[in-house]
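**Student:** Let the sequences and hints guide you as you build the complete structure.
Sequence order for the protein chains is Z and W.
According to our numbering, the first sequence is numbered sequentially starting from 1.
According to our numbering, the second sequence is numbered sequentially starting from 1.
These aren't lab readings, by the way, just hints derived from the structure by calculation.
Do not take every clue at face value.
A pair counts as met if it fits within one copy or between any two copies, since identical chains are not told apart.
To be verified - Calculated lysine-lysine pairs in the DSBU-like style (CA-CA distance at most 35 Å, straight line):
no.	residue 1	residue 2
1	Lys105	Lys286
2	Lys105	Lys201
3	Lys286	Lys258
4	Lys258	Lys201
5	Lys201	Lys286
6	Lys105	Lys258
Number of protein chains: 2
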Amino acid sequence: MNGARAVLETLTGGGVDVCFTNPGTSEMHFVAALDEVPQMRGVLCLFEGGATGAADGYARMADRPAATLLHLGPGLGNGLANLHNARRAGTPVVNIVGDHATHHKVFDAPLESDIEAAAGTVSRWVRRCVSVRDAGQDTANTIAAAGSTAQATGGVATLILPADVCWSRGACAAPVTPGQTTAVDENVLEEAARLLNREGKHTVVLIGGDLMRRPGLEAASRIAAATGARILAENTPARQERGAGIPLVERLAYLGEKATAQLTGVRHLVLAGARSPVSFFAYPNKPSNLVPTGCAVLDLGGVPMALEELAHLVAPGVRPVTISAQRPGLPNGALTAQKAAAVIGALMPEAAIVSDEAVTSGWWLPQATVGCPPHDWLTLTGGAIGQGIPLATGAAIACPNRPVISLQADGSAMYTLQALWTQARESLNVTTVIFSNASYAILGMELGRVGTRPSTDGRARALLGLPGLDFVSLAEGLGVPASRAITADDLAKQLSRALTEPGPCLIEAVVPSQSSFLD
Amino acid sequence: MNGARAVLETLTGGGVDVCFTNPGTSEMHFVAALDEVPQMRGVLCLFEGGATGAADGYARMADRPAATLLHLGPGLGNGLANLHNARRAGTPVVNIVGDHATHHKVFDAPLESDIEAAAGTVSRWVRRCVSVRDAGQDTANTIAAAGSTAQATGGVATLILPADVCWSRGACAAPVTPGQTTAVDENVLEEAARLLNREGKHTVVLIGGDLMRRPGLEAASRIAAATGARILAENTPARQERGAGIPLVERLAYLGEKATAQLTGVRHLVLAGARSPVSFFAYPNKPSNLVPTGCAVLDLGGVPMALEELAHLVAPGVRPVTISAQRPGLPNGALTAQKAAAVIGALMPEAAIVSDEAVTSGWWLPQATVGCPPHDWLTLTGGAIGQGIPLATGAAIACPNRPVISLQADGSAMYTLQALWTQARESLNVTTVIFSNASYAILGMELGRVGTRPSTDGRARALLGLPGLDFVSLAEGLGVPASRAITADDLAKQLSRALTEPGPCLIEAVVPSQSSFLD
Numbered sequence: 001m002n003g004a005r006a007v008l009e010t011l012t013g014g015g016v017d018v019c020f021t022n023p024g025t026s027e028m029h030f031v032a033a034l035d036e037v038p039q040m041r042g043v044l045c046l047f048e049g050g051a052t053g054a055a056d057g058y059a060r061m062a063d064r065p066a067a068t069l070l071h072l073g074p075g076l077g078n079g080l081a082n083l084h085n086a087r088r089a090g091t092p093v094v095n096i097v098g099d100h101a102t103h104h105k106v107f108d109a110p111l112e113s114d115i116e117a118a119a120g121t122v123s124r125w126v127r128r129c130v131s132v133r134d135a136g137q138d139t140a141n142t143i144a145a146a147g148s149t150a151q152a153t154g155g156v157a158t159l160i161l162p163a164d165v166c167w168s169r170g171a172c173a174a175p176v177t178p179g180q181t182t183a184v185d186e187n188v189l190e191e192a193a194r195l196l197n198r199e200g201k202h203t204v205v206l207i208g209g210d211l212m213r214r215p216g217l218e219a220a221s222r223i224a225a226a227t228g229a230r231i232l233a234e235n236t237p238a239r240q241e242r243g244a245g246i247p248l249v250e251r252l253a254y255l256g257e258k259a260t261a262q263l264t265g266v267r268h269l270v271l272a273g274a275r276s277p278v279s280f281f282a283y284p285n286k287p288s289n290l291v292p293t294g295c296a297v298l299d300l301g302g303v304p305m306a307l308e309e310l311a312h313l314v315a316p317g318v319r320p321v322t323i324s325a326q327r328p329g330l331p332n333g334a335l336t337a338q339k340a341a342a343v344i345g346a347l348m349p350e351a352a353i354v355s356d357e358a359v360t361s362g363w364w365l366p367q368a369t370v371g372c373p374p375h376d377w378l379t380l381t382g383g384a385i386g387q388g389i390p391l392a393t394g395a396a397i398a399c400p401n402r403p404v405i406s407l408q409a410d411g412s413a414m415y416t417l418q419a420l421w422t423q424a425r426e427s428l429n430v431t432t433v434i435f436s437n438a439s440y441a442i443l444g445m446e447l448g449r450v451g452t453r454p455s456t457d458g459r460a461r462a463l464l465g466l467p468g469l470d471f472v473s474l475a476e477g478l479g480v481p482a483s484r485a486i487t488a489d490d491l492a493k494q495l496s497r498a499l500t501e502p503g504p505c506l507i508e509a510v511v512p513s514q515s516s517f518l519d
Numbered sequence: 001m002n003g004a005r006a007v008l009e010t011l012t013g014g015g016v017d018v019c020f021t022n023p024g025t026s027e028m029h030f031v032a033a034l035d036e037v038p039q040m041r042g043v044l045c046l047f048e049g050g051a052t053g054a055a056d057g058y059a060r061m062a063d064r065p066a067a068t069l070l071h072l073g074p075g076l077g078n079g080l081a082n083l084h085n086a087r088r089a090g091t092p093v094v095n096i097v098g099d100h101a102t103h104h105k106v107f108d109a110p111l112e113s114d115i116e117a118a119a120g121t122v123s124r125w126v127r128r129c130v131s132v133r134d135a136g137q138d139t140a141n142t143i144a145a146a147g148s149t150a151q152a153t154g155g156v157a158t159l160i161l162p163a164d165v166c167w168s169r170g171a172c173a174a175p176v177t178p179g180q181t182t183a184v185d186e187n188v189l190e191e192a193a194r195l196l197n198r199e200g201k202h203t204v205v206l207i208g209g210d211l212m213r214r215p216g217l218e219a220a221s222r223i224a225a226a227t228g229a230r231i232l233a234e235n236t237p238a239r240q241e242r243g244a245g246i247p248l249v250e251r252l253a254y255l256g257e258k259a260t261a262q263l264t265g266v267r268h269l270v271l272a273g274a275r276s277p278v279s280f281f282a283y284p285n286k287p288s289n290l291v292p293t294g295c296a297v298l299d300l301g302g303v304p305m306a307l308e309e310l311a312h313l314v315a316p317g318v319r320p321v322t323i324s325a326q327r328p329g330l331p332n333g334a335l336t337a338q339k340a341a342a343v344i345g346a347l348m349p350e351a352a353i354v355s356d357e358a359v360t361s362g363w364w365l366p367q368a369t370v371g372c373p374p375h376d377w378l379t380l381t382g383g384a385i386g387q388g389i390p391l392a393t394g395a396a397i398a399c400p401n402r403p404v405i406s407l408q409a410d411g412s413a414m415y416t417l418q419a420l421w422t423q424a425r426e427s428l429n430v431t432t433v434i435f436s437n438a439s440y441a442i443l444g445m446e447l448g449r450v451g452t453r454p455s456t457d458g459r460a461r462a463l464l465g466l467p468g469l470d471f472v473s474l475a476e477g478l479g480v481p482a483s484r485a486i487t488a489d490d491l492a493k494q495l496s497r498a499l500t501e502p503g504p505c506l507i508e509a510v511v512p513s514q515s516s517f518l519d
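**Tutor:** Below you can see the structure in the form of structure tokens.
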């Protein structure tokens, strides 16, 4: 068989059976081989950021990687921002980048560029396949290198696949040897147990990664109940299980000042799947490191069992504290971001998957949805906006029987809006709510926070405005039915309908800019 | 003054007074400083590919660089594809990438990534500013490194600008020392003259770069007239002057087979601003190197004066052969890509700037516009689709008094469509024609050319279809008035109106897919 078929058979044999693709000429043998390997589902994206973000969303929900298929260095470039987010999420991605035929590279044709260098910025593993005989094994090794979210060891593994490897014969598929699972360090566990028993009231357990799923959250809750420790979660979990019957955990704040307040007086910080807290950005005369002075840090690692074993040591027989079912009432009147959050909390269906890139307009969402039926919440992990719509797309492909709610700021929506077309083409059950405030509101806030004092009507402020976007037109242009909500009542009616109808839908929720976000 | 102001004053002092920006928190001091340096025009782009492509288009037409302002590694990633095109065009770009404050980098905050590595893939120069005292000088050196298209020495020069450099005080602006201009190698010139005098009839002069402007074209035409040499142009010139009164030059074909036919029997190839011809992609059992066997290659370099000096040697007193004014007639009936080309040729106004990313639908455009009033033609230089709309945007800012015509394929339009919003926001005089054939037609063609035989109704072919895009809705959603043309008459009416009205406008020209492109 040719190399393309061996790659596809190795992928599907290794459990990778969805490929988010934006191919070009050098990928045509790979595309043609889809006719021969029907186990692989090819999903076309109109822009590579849609493909890489969808691969991230897919794996966060499926607990196994998807593949991408990108077109040489520029295609990889277009996908880089969402691969960055996937890297920060610890998501396994089998990132396949097509390249010129090996013998063609020396001619420096127009699309030639240094793929390895760009891929290295987001990948834990980069392999160029140099011979058709290696196509299967290189693919298998790439899948193994990507790992799995369920082991908290996922990452972006990039396979550079030259065209001649795809078209040459003499390839064979290879089996995937799973990577080693990381064990919990028993000594660290015992140290943590002693610490919690002795200093629980002065300790924060900061959890993240796979420990944001129900077993980790229940273990954390038991530890808190037994030792008096406080549980906090990382600011941007890749996937958090939430809702009625699940322990609630407060997230560390995005704003350094608020995070500092959350950690004031803490003497011990135990990290469980989370990284030591740092400020998202630097600000003049403010600390980057958010660990309080004199606070000791102990890292348990991100192994899913770590917290359960720790709970077994310090909280035997103790029950987790879970949140009870509750929903906000439906508000009335002109829509605001706060009222929109209430509407979403009032109507969120069972088993929803939320892709949250609502930025400043999302401030009230966590509280408004706290007691909704159990759901998964996916956040922007790497700060590279343009994640949300692709992420929702991939999550919907991973979980076709669950409703996906994509909560988007208008500014961030405009990076990868093309992913709506894939939602239409694949008839995905995604409801997108655009919080449309006609501005980069977070930059309006940050302009003050970094210490500048631009005039209110000057050229600087004018650069942060987004007048004239019409998301109803944009969505319809991409094949997604859309409507506009001006009042809370509009939003409630439109959201109710969207959640009961199959296929994608978009609601432009017109809200005022939240410049008082900090209050 | 602070570093941000010193950077801006150095830019404007060095002739760089337009900045295409998509900023984030780490760039807020730069944005705030725009209030203090009114000579700098900040142009907001909703996506970084729009900013980098606009910077390319601006410099191709202004003959001096624009600056970009991008947000850390992911922002650079989003802008990478059009920086790749700028690199291949030889366009000077002062590419400014904001970064975390220097002291913040060690904390590996969520947006941290290896900016140098990604920038290196598209830049001829990468400099990180490490101290506020260097801010002015580093900026001046970056401008000098970017060079200028007028010297055929342009390139992407990247300045990585940490937030603390921008906000700290103690900076001063610096003057720009222009780089050395490259001189023509007189020995090579004399060798070329001897060759042309002796073997002119067996010689092709392949021109490109700045030699595609009127002086270079006239010199080439004189050389051809005097020596019997044939003139060909590179396949994708950054900017070609064309039209009535200007020598016409045939471009080397995109398809290797056709290019091979163009070069059959040639014994000598003289390169003047063009690179030695290679196939755009590799294909099984087809050559990558398009230089005929036994053909000798002599490279004159890309100095604009090279051809004029050569003409002085071999064609003293000889006049260039120019094309006479001519236009196609207006066609009737259902629209096709060929008829659309005729409509454009019939109506193209004086001094138009054409951004050509029409891909397969553009096949008939060069011939249909050959005798139009003098105009500039900008092509896709690096093969990374998504160039055209941003390029048109930048060209319109460079030449506010010239009409810009942006000719776009539907597939490639969907990479950077957001740039239409900037056209609306800045009231730019750009008329976009989308050749809407609901497919990646070029890939349908390439699928056959690479030797695959996918079934006509299989999954592979289905991956190359683009059903359901509505460019009228999309344009209106971005604030650009739009209409749809089904007949040639529709297009003629709509284009006539668009070319007389100020501000941007988009026409979706519905055409059949050109699968018979090769015939």
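**Student:** Does each hint hold? Answer for all of them.
**Tutor:** Checked hints:
1. Lys105 - Lys286: Between copies, since 14 Å is at most 35 Å while 49 Å is not.
2. Lys105 - Lys201: between (62 Å within a copy, 32 Å between copies)
3. Lys286 - Lys258: For Lys286 and Lys258, the Cα distance is within 35 Å only inside one copy (12 Å; across copies 63 Å).
4. Lys258 - Lys201: The answer is within: 20 Å in one copy meets 35 Å, while 78 Å across copies does not.
5. Lys201 - Lys286: Close inside one copy (27 Å), not across copies (73 Å); limit 35 Å.
6. Lys105 - Lys258: between (52 Å within a copy, 21 Å between copies)
Comparing the model with each earlier hint shows no violations; every hint is respected.
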